[in-house]
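> Given chain A's structure and the hints, the job is docking chain B onto it.
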Amino acid sequence: MMRRPQHVVTLLLTLLVLVLTGLNSAFYFVRLDLTEQRVYSLSAVSRALVREIPDSARITFYLSDRLRTQAVETEQIVDLLYEYAAHSRGTIDVEVVDPGAAGVTAEIEQLGVIPQQIQLIEQDQQSVATVYTGIVIEYLDRTHTLPVVIDPRVFEYELTIALRNLVRDHTPQIGILLGRADEALEREYQLSASRLSRRFTLRRLAAAEPIPPDIDALFVIGGRDLTAADTALINDYLSRGGSALFAVDGVKVDLETANLAAAPAPRRPVDGLLEEHGVRVRREIVLDEYHRSIPVARAGGAGTFQSIEPYPAWVSVVNYNSDHPVSARFTGLDLYWPSPLDLDPALDFEILLQSSSRAWLMQEPYITSPLQPAALQRDAAETRGRYVLAAAGGSQNQDRGRIVVVGDSDFLSNLLQYTNSVHNVDFAENLAAWLALDDELLSLRTRAARDVRLNRIEDPAARRRVVGFAQLVNVYLIPLAVVFYGLVRYLRRRSRVHAKPRTERSTTA
Amino acid sequence: MNPIAVIVRKELHSYFNSAVAYIVVTLFLALTSVWFFAVYRFAARDFASLRGYFAVMPFLFVVLLPAISMRSWAEEHTSGTAELLLTMPFSELQLVLGKFLAALLLVIIMLALTVTVPLTVVPLGRFETGEIVGQYVGTLLLACVGISLGQFVSSLSRNQISAFLISALVLLLITLLHVVTAVAHLPRGAAAVINHLSLLHHYHAFERGLIDSRAVVYYLLLSVGFLYLNAKTLLLRKWS
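Going down the list, the sequences are from chains A and B. My numbering applies: residue 1241 is where the first sequence begins, and numbers increase by one. My numbering applies: residue 3 is where the second sequence begins, and numbers increase by one.
So here's chain A without its partners, still in its complex pose:
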């Protein structure tokens, strides 16, 4: 038998073991995500990034309470933020602040958080409220702002990239060479430029300017005005291990003409450059049964009116190479009068995107007017088939000189606003990441979003009935059932207790 001092020692040792186990568990841990789509599981890239942050980072999510109750998706964003904190082992401090209640609206607007207007219906009154859903990341003396965060599917991607750029104090640079000298990035590529500049530093390059060695990737968009001297500079950049996207088409469509007149692009130096690398851009247009619609002005009795017409020359890409990092997380791409590409089988090119097998070609003389739907089918019978729309050169494992060719110079232009094709920019981001050899960024997947609304029952009356039933059962029936069971048990016990003396009395008698 143990003596008292031995017991004290055992007690102290046991407590010490418990404390040490607790400490150990704080450093070596696993998190098991029980949700169906693993919505709280950060990707390996994000986890590795937060673990490598050397100093404290503070992430403040400025989220208006009014928006939080209206847009429940914001809860998923809050949850993901806490995942970053959980994996950081104390280096990331997360705070969710209602800017209105905290009285910091002016300060956060100065930091770049953009106010949003939402319509509210409260107590049968409709009103417009100004709300905020922006994130400010502070690290050392640096600050980065995500002006509006609302979509949980892309949130991890946005935050990880922002954190990484902030911590490493480096934002990848994309050099942009517009093949048409009269175009401006801010004018003709407004939406793409603004979206791309969130993750990359965009640097407009002038023709005849040597490609700077510090850019991470080059985008050549269109090739009309590029001279032989320009393409020689590009070739020089490629030969030094640079990577480039060529968005070039073989047919020029004039947007200024009413019937969208088209003509073959004359042979340009950029064609020669691409052929040297094994890609030929054909002077034809791919049309597809998978397509978008185009707004068209029609002459009517009292003037002109606008209608939306199906337009096979605006191709919605459905065939993509899911094995290639660029298109593995493909969310969609719309191409405007794309040209088919011929690839030299002897060279190392992989098909990224293809038309559907129900596509066809429009050959010279081109008819591209959306008002002549039958004429658009002119060459369909002879040319129906699958066509290459984008290809990537340089093997996936190669760490130098990657090339991507897309047979359309308009897919990043303002045309994407007509078709609401923001996914075109997502594709461009993937392209930029792959070209810049940023495989980390590519591995961040698009997060599956869960439908978190109570929308299974559409009929409001039926919905009210279900809620009423749930309240009746849980607020009244179950607690009352417990009380009832307690009373029955009490009464049975009492009757047993009362019965016992009577039995005893009768036995005595």
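Do not rely on the hints blindly, as some may be mistaken.
[What the hints assert, rightly or not] Covered stretches of chain B (in silico footprint by chain A; criterion: 3 or more residues with CB under 8 Å from a CB of chain A, positions within the stretch not fixed):
id, region
1, 17-26
2, 48-54
3, 133-147
4, 213-222
[To be verified] Simulated DEER-style distance windows between Cβ atoms:
id, chain 1, residue 1, chain 2, residue 2, range
5, A, His1663, B, Val195, 38 to 48 Å
6, A, Gly1340, B, Arg160, 47 to 57 Å
7, B, Ala114, A, Val1318, 22 to 32 Å
8, A, Arg1732, B, Ala114, 16 to 26 Å
[Said to hold, decoys possible] Calculated Cβ distances over 12 Å to all of chain A for the following chain B residues:
id, residue
9, Met3
10, Ala7
11, Val65
12, Ala69
13, Glu77
14, His79
15, Ser81
16, Ala84
17, Glu85
18, Leu86
19, Thr89
20, Phe92
21, Gln96
22, Leu103
23, Ser159
24, Val172
It is worth saying that the hints were derived from the structure and are not from the lab. From a predicted model like this one, the values you see are computed outputs, not experimental measurements. Backbone N, C-alpha and C define an ideal beta-carbon position, used for all residues, glycine too.
Below, chain B without anything else, positioned relative to chain A:
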């Protein structure tokens, strides 16, 4: 029969023969449901999750778990049955475990009665089954901590009321410890330690359907630690 099973049976009878179990279970079920449907306004939030429902449980446990555990040893001391119990052929650990498991079974029954909440609201939206499982696992582990703490405090007290008050106070403190880091600007290491010691800080992961080994280990260590201390207290009392 296994000595622990004998004690569990005796304790459960004792719970259900007194009004305490019924009061605690009824209050728990009524308050959680009133909170969820009337105060939190689940239907108006349009959010297919039971987080709001489970979020209130740690706060209710601060009061209800000490109410369950306050009598476990304090009553034995008051009525003089503790000495009798300690002379029986049970080890201190068996006594402690028996009482703990009985109280835990009561909580499991209490939680089982809440299953009607997910069952009745599931037709409204696409609820995550994994999230609900995580919420129940977290709540059960939290209950383990509360009961073991309450029984340890009860073993130190001769009076049920003082056992209840002290347990509730200590439980409240370790539940809300992380609040300190929100109001005071502490060094990173100190803040991390304080957060790690807070029960509610760990509970948030369970609320979302995440099983974090840190939370599981912390809750289990606290439970084992309090049960062990409880057994040692009985031993010391036996000697004295």
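> Work down the list of hints and note, for each, if the structure agrees.
Here is what the structure says about each hint:
no., hint, result
1, 17-26, "holds (count 5)"
2, 48-54, "holds (count 4)"
3, 133-147, "holds (count 3)"
4, 213-222, "holds (count 6)"
5, A/His1663 to B/Val195: 38 to 48 Å, "holds, 46 Å"
6, A/Gly1340 to B/Arg160: 47 to 57 Å, "holds, 53 Å"
7, B/Ala114 to A/Val1318: 22 to 32 Å, "holds, 30 Å"
8, A/Arg1732 to B/Ala114: 16 to 26 Å, "holds, 23 Å"
9, Met3, "holds, 23 Å"
10, Ala7, "holds, 22 Å"
11, Val65, "holds, 17 Å"
12, Ala69, "holds, 15 Å"
13, Glu77, "holds, 19 Å"
14, His79, "holds, 21 Å"
15, Ser81, "holds, 19 Å"
16, Ala84, "holds, 19 Å"
17, Glu85, "holds, 19 Å"
18, Leu86, "holds, 22 Å"
19, Thr89, "holds, 16 Å"
20, Phe92, "holds, 17 Å"
21, Gln96, "holds, 17 Å"
22, Leu103, "holds, 20 Å"
23, Ser159, "holds, 20 Å"
24, Val172, "holds, 17 Å"
The structure shown violates none of the earlier numbered hints.
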